[in-house]
Amino acid sequence: MMDRLNAVQKTVFAIILAGMVMLVAIPLLFFITVSFSNSTEMTQFPKNIFPSGEVTVYVEPKDDGKYELFYDYQDGSGYTSIITTNNASKLEKHFARQYAVVMDGEEILEEFSRTRTEGAREFTFRKDMFYNFKQFFKIVPNAGVALKNSIIVSLYTILISLSLGSLAGYAIARYQFKGREQINVGLLIVRMFPTVGISIPMAVMLIKMGLYDTMIGLAFLYSIPNIALTSWITSSIFIGINKELEEASYVFGANSIQTFLKITLPMAFPAMAASSMYSFLTAWNDTISALILTNENQTLALVVYKAIGTTSSGIQYAAAGSIVLIIPALVFTFIIRKYIGQMWGGVEL
Amino acid sequence: MHKNMKKATPYLLLFPIFIYYAVFWLAPVASGIKEVFVGMDGDFTLTENLKLMFRSDLFSESVLNTAAFAAISVVLQYVIALVLALLLSRKFIGSRFLMFISMIPMAITPTATAILWKTGLVKDGWINSLLMGLHIIDNPIVFMNAEGFQAILLLIVIDTWTVTPSVMIILIAGLQGLQKELKEAAYTFGANKWQILKDITLPILRPSITTSVIMRMIAAVQVWSIAVMVLGYSKAPFLVERIAFYVDAIPGVDTSTKLAYTYSFLTTIVVLLATVVYLRVSGRNKIAAGGEDE
Amino acid sequence: MSYLEIKNLQKRYTAKGPLIVDNMNLSIEKGEFIVFLGPSGCGKTTTIRMISGLEEISGGDITVDGESIVNKLPRERGVSMIFQSYAVWPHMTVYDNIAYPLKLQKLPKDEIKKRVQAAAEATEIQGLLKRYPAQMSGGQRQRVAVSRAIVVEPRLFLMDEPLSNLDAKLRVSMRTELKRIHTKQGSTSIFVTHDQSEAMSMADRIVVMYKGKIEQIGTPMEVYQDSATRFVAEFIGTPPTNFFDASIVREGQEIYARGEGFDYKVPSSLHSALAGYAGKEIDMGIRPEYIDILPDQRKQDGYFCDARIDFVEPQGSHSILITEIGANKNVKIHTVDHMDIKQGTKVSCHVKNGMVMFFDKESSKRIK
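Residue numbers (the working numbering), protein chains in the order written: chain A, 1 to 349; chain B, 1001 to 1294; chain C, 2001 to 2368.
Hints were generated in silico from the structure; no laboratory data involved. Mixed in with the good hints there might be a few duds.
The following label-pair restraints were derived from C-beta to C-beta distances [unchecked claim]:
(1) B:E1147 / C:L2107: 54 to 60 Å
(2) A:K243 / C:G2261: 47 to 53 Å
(3) C:L2107 / B:V1079: 32 to 38 Å
Now the stretches of chain C that chain B is said to cover, found in silico as 3 or more residues with beta-carbon under 8 Å [claimed, not checked]:
(4) 2048–2061
(5) 2074–2086
Idealized CB from N, CA, C, for every residue including glycine.
Taking the hints into account, I'd like the entire structure generated from these sequences.
In structure tokens form, the structure reads like this:
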């Protein structure tokens, strides 16, 4: 009786809900469309909200054997003349650069020749939807290597954070020892410490160690808060795992290591998976520390960041590159959303 | 013998961490502090670098902007998120879908967010396209010319878009976690919806809202990449934006390095202060909840 | 006209869904302590929530003092409720918890102080007024809930399994506490529980519920000895009633209830009730304490069957014997005279004083 909504309230509720969803979804949709847009579409105004998979041009045959190409910019002025040519390679380049249509120049001319018999007409070509993505990795220097680097540094980070962090988490969960409280507080401080604050000294140190501009060096930095975070997540879980399960294992003759590997670890798996994804995300998404700690061996996040600075035209390539950046982040964030809620809301599990 | 080994086990397990943090945290922190108090000539100096920073270009702007941005965006985001959460905290069909959608803006890298908004903010971008298509405006707005406070506002809007849905979800989780009977009891004694909200719901949620506000502020204070990517260096200075500037835009100059160190130092101090506040508040929460620290 | 009348009360959650509360009718007198008793899902909590105003009714009416209350807010109904989880507000002190209902009524401060003090003294927590709930035990929090409920001087005192979360010893002592408060305040109370011994010890009358329907309304003794349905006979009493499948056979002037392993001559007092059941199958229920045994296997009046004692469970003041009769492998016998009987002893079993209950197999109703 407290929670009943009348019809008016229900409609308001629905409106607010729809509004929210649209506010979030519309920019995202535009963004995705941009990443699939060809250069011509980028100059069009107004902008489409949904990506299109086709390009339509109007071709008029000319008496001198050339063809005049028209394009409709959707701005109310109808077809606009673009180029007049019969040069195959010129057409090929034009189609690729402007329309993201990847076709052999001769084939294009062949298609156009049909206007000689059928008269001037429209042609619709399929766009290469992945054109921008391919361009990104071609144009942006070292983008492919950067992708690999991002994967490598993320894996290193997971490795270091998980191994050291779960050892600590286990120690804190299972043992009562002097200094336990202080260590907890210390780990909390380290966890919340701004990485940017130690990035520059780290860079100096890594130079001395010969690890500047390496993925392992970067991983050392990323692991700093992540070890503490993993320790926190895993200690909560280890506390939850009944000690008696481990004790039963001892009774049956297993030693501590076997027990840890065969009993405790499998039960802690979800927490460890979550910590791993968190570590991955930190390493994958970070830009500022990568900026400071690397020079030539950049991560994908850094490369995308730099790409956007080079030119405002060609932003669709940067958009495509950032989609690659986003996908693992989206997937993992979705999987570990329960833990993120804990972190932000202060709700302890 | 076995007992001694058992006693030592936790320390053994923690040993790798100690070493790691000694090398990779304590040392850099110490080094970072040292660099702030060592002049370019190598001698100890208390204020040389600090003065350098205070006098540097856009210092006061960066401090003010950081403070304004953090304060305004966090307050704005939490108020909006709370109102939305209160309105939307019932279970309904598609609530799962809403949750998922709301998480997306925050899950994508700030870099991607910046690109997303940049494509919208340019003169022929999708924002103008949308606004003109809906006949809300007749001529395109030139967002990219924004300066000063307008620029900060722009960034606040972008940040709010990113953060508010996620905060809303967390608040909804908190609201739904509230035991139904606590509200029902108040209802049976005659409290109406507003009184239940004011006297029961909000006070109970206050501790977790406070801690999450502080955590959010700590993140907001470190804003930089949307500023640089949407507007460019030095257009909307922030503390961390200055660090990036001195590392990225004019590296290699001695003063740049010193300034980068000093700005890092300042940012760290600010964050640490916020962390201390967080520890005090969450510690108080734990006592109030009657639980032990676990 | 009784004080609280429930007429044809119905509740369903969806338009075509099942009836959670199925046409309930009940009259409660002023000052009565009524217990709603039943297993989980029987509708007892839903009913009390409808009385309090937390749930809407789907049909029927509830009146207090002749006036319908179904469209009134809880406060207007004059009810006060204690929840199973106590619902004590964690962010308020004990004082504020108890005072809050009065604050809502906008009473002056000193009036509030007086009444809070009195309510706290009623449950002996006046020393805890400045504490927070988290610093108190479950039992103390429960008392806060009670004080808070009585501070508004309600005309109807509703309690939804308030003792279920307490440990055993505290539960028993709180039973008497609650009854004492009920009597002292002169309130009319409805108490919901699934614990039949709790219901037996506290109720003026018990309303036994099952699957949304009332099985029986009666005093504790009535529902115990004169169970109206098979469910009531099974649910009330520990150890539970022993049940046997029996055929009613008429032999001349006598009627026998016969089944696998037993042959019982039905006392003449029950002959008229069984009139239409000759040749039919019925359920026969005998409570453990109404089975007498004779170790020398003599057959006397009320002879039922022969049995061998499989297990003996001494309880100190009596023993529970477990035996097998026919298809029923878990027949329990409550004995005082033969407490130290040995396992394996062969005995003859007799029904004491004709205390047997017959139930119709289809309707589950008691054959009277």
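Worksheet item: When the hints from earlier in the document are held up against this structure, which numbers fail?
Response: Checked against the structure, no hint fails, so every one of them is satisfied.
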